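Protein sequence lines correspond, in order, to chains A and B.
Per the numbering used here, residue 1 is the first one in the first sequence, and the count goes up by one each step.
Per the numbering used here, residue 1 is the first one in the second sequence, and the count goes up by one each step.
Among the clues, some could well be false.
Stated by the list, open to error - Only part of the chain B face toward chain A is listed, based on derived beta-carbon distances under 10 Å:
#1 Phe-61
#2 His-285
#3 Glu-298
#4 Asp-330
#5 Thr-334
Said to hold, decoys possible - Beyond 12 Å from chain B on every Cβ pair, some chain A residues (computed):
#6 Met-1
#7 Tyr-14
#8 Glu-22
#9 Glu-29
#10 Lys-37
#11 Asp-40
#12 Glu-41
#13 Ser-42
Just so you know, these hints were derived from the structure itself, not from any lab.
Just so you know, these numbers come straight off a predicted model, no measurement behind them.
Note that the Cβ used here is the ideal one computed from N, Cα and C, for glycine as well.
What follows is the residue order along each chain.
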Amino acid sequence: MVKVTVDMDKCQHYGQCCFEAEDVFALDESGKLVYSKEADESRRADIESAADVCPMQAITVE
Amino acid sequence: MRRVVIVGAGLGGLRAAESLRSAGYTDSIAIVGDEVYLPYNRPPLSKEALAGGIDFEGLEFRRKASVDDVEWLLGTPVAGCDLSLRTVTLCDGATLEFDGLVVATGIRPRRLPIPGPTGGRYALRTATDALAVREHLKPGATVIIMGAGFIGCEVAATAIKLGCTVHVVALDEEPMVRPLGLELGAAMRRRHEAQGVRFHLGHTIVAFSGDDDVRSATLSDGTELKADLVIEAVGSVANTEWLRGNDLDLSDGLLTDSAMQVPTTLAPVVAVGDLARHPNGLFGHVPRRIEHWNMPTETARRAGPTLAALLRGEEPDRSPFLGLPAFWSDQYDTKLQSFGMPGIADNAEVTSGSVDEACIIEYFDASGLVGVVGVDRTTELAPYRKALLARHEQGR
Ligand SMILES: Cc1cc2nc3c(=O)[nH]c(=O)nc-3n(C[C@H](O)[C@H](O)[C@H](O)COP(=O)(O)OP(=O)(O)OC[C@H]3O[C@@H](n4cnc5c(N)ncnc54)[C@H](O)[C@@H]3O)c2cc1C
């Protein structure tokens, strides 16, 4: 299992992560980030990419 | 055991190391950087970190476990490089041998030779710069910002927030006019003016006066402005001096091909980030340097596999590079977000909302849509991004 944490104090809802792993990260209708706290191991590479492209560097992957 | 030397310990250098590892390169990597810090995030230096105080720990990039064994040579400027000998020379004269080289030295702010005192004049690129500027952004201080690009405008917004009096002096017709166009540039100016920023557009500074420190500035129209602090954000110079003497194209950054390989037969060399002048298959294959935060990551994703292949004696993938430039900017409560290259457009159209509120602006040239900017409209940009990424298939 991949454990995903987003620091919501840092997150500015730019949504860049959504393009890398759209099954894990999404913006809701009001533009706020929503995400899955756990994902299958097979999704690790894309989730790592999502963490890389976050302008606020708010995503931690364990 | 082979060795890759990466020169430049910023975002591009870090991502290049990670990308080499994921491309299967397992031998040694040394990263040489002139700053004393491990790679950290620069965009907050004009925004929240400048406003709130520079907490270096909070800016440092998370590094992947795959680069735990990288050798870091920090606080170590590289003075030169001999591609035929495959060595780089450090400032103390020591040399480092390499089998493959990654050029990731980025850019530095351009400084103008303006007569008068030099004290109190700052540029903003590093955490050290930001610490120095932060010291002086006190309530009541008068700040002159030279240049109305993104960094100048972001610093203006931050300085206003901190209670400073802010003047922006720039030759441009409107702030951020090159990337955003006249209409949105003018709207952004109105937002800044509503917060109290005073613009002096179409002008430059011809002289500073004061003893050791700048106390006032004279503009090209004769206006005299008092100043406690000057911040210069008038463009950039690529850090390529150390590459001279190797017969490389250093006319604007460092030229690469679509695989981020530097055209030379002397050694395997790739370049990433702000200084890499690379062709993009989405935008007519014209080699360009793009100073956006997402490009070090995008170019490194390509450069890692290229260098790994070259070191194995294999031909790298030279298909078109299709990384989509993207940028964001925060000024007051306004969030700008962009995909593509609005800066190369001939015309712009506001397609939803109004430029003085939330809106979407589409940018076109003869080939069609080349970019989009959303002002407080993040959620609506996904289809534009898709359309821009599809330009390649449509042969544009
Ligand atoms: C204040 C500020 C705000 C920004 N805001 C945004 C934003 O909102 N959105 C956006 O898209 N982009 C923004 N950017 C741009 C973004 O930060 C850059 O595109 C990115 O940092 C480029 O990474 P790089 O690795 O190419 O270069 P850098 O991060 O500059 O790294 C290059 C490193 O190489 C070092 N170096 C240079 N010469 C030598 C040498 N001879 N020997 C050894 N080391 C050397 C440099 O000191 C530096 O540490 C901003 C930049 C700044 C400065």
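Status of the hints after comparison with the structure:
The restraint placing Phe-61(B) at the interface with chain A holds, with a minimum CB-CB distance near 6 Å, inside the 10 Å limit. A cut of 10 Å between beta carbons decides the hint on His-285(B): the least distance to chain A is about 24 Å, and the hint is violated. Nearest Cβ of chain A to the Cβ of Glu-298(B): about 9 Å, under the 10 Å cut. The hint holds. Checking Asp-330(B) against chain A: minimum C-beta separation of about 7 Å stays under 10 Å; hint holds.
Using the Cβ-Cβ criterion of 10 Å, the hint placing Thr-334(B) at the interface with chain A is not satisfied: the shortest such distance is roughly 12 Å. For Met-1(A), the requirement that its beta carbon stay farther than 12 Å from each beta carbon of chain B is met, with the minimum near 17 Å. The beta carbon of Tyr-14(A) sits about 6 Å from the closest Cβ of chain B, which is not more than 12 Å, so the claim that it is off the interface is violated. For Glu-22(A), the requirement that its beta carbon stay farther than 12 Å from each beta carbon of chain B is not met, with the minimum near 9 Å.
Non-interface status of Glu-29(A) relative to chain B is broken: a Cβ of that chain comes within 12 Å, the nearest being about 8 Å off. Consistency note on Lys-37(A): stated as away from chain B, and its beta-carbon is indeed over 12 Å from all of that chain's, at 18 Å minimum. Non-interface call for Asp-40(A) relative to chain B: holds, since the shortest CB-CB distance, roughly 19 Å, exceeds 12 Å. Under the 12 Å C-beta cut-off, the non-interface status given to Glu-41(A) relative to chain B holds; the minimum distance is some 15 Å.
Remark: the non-interface label on Ser-42(A) is consistent with the geometry, its nearest Cβ contact in chain B lying 16 Å away (cut-off 12 Å).
Hints 2, 5, 7, 8, 9 from the list above are not met by this structure, while the remaining hints are.
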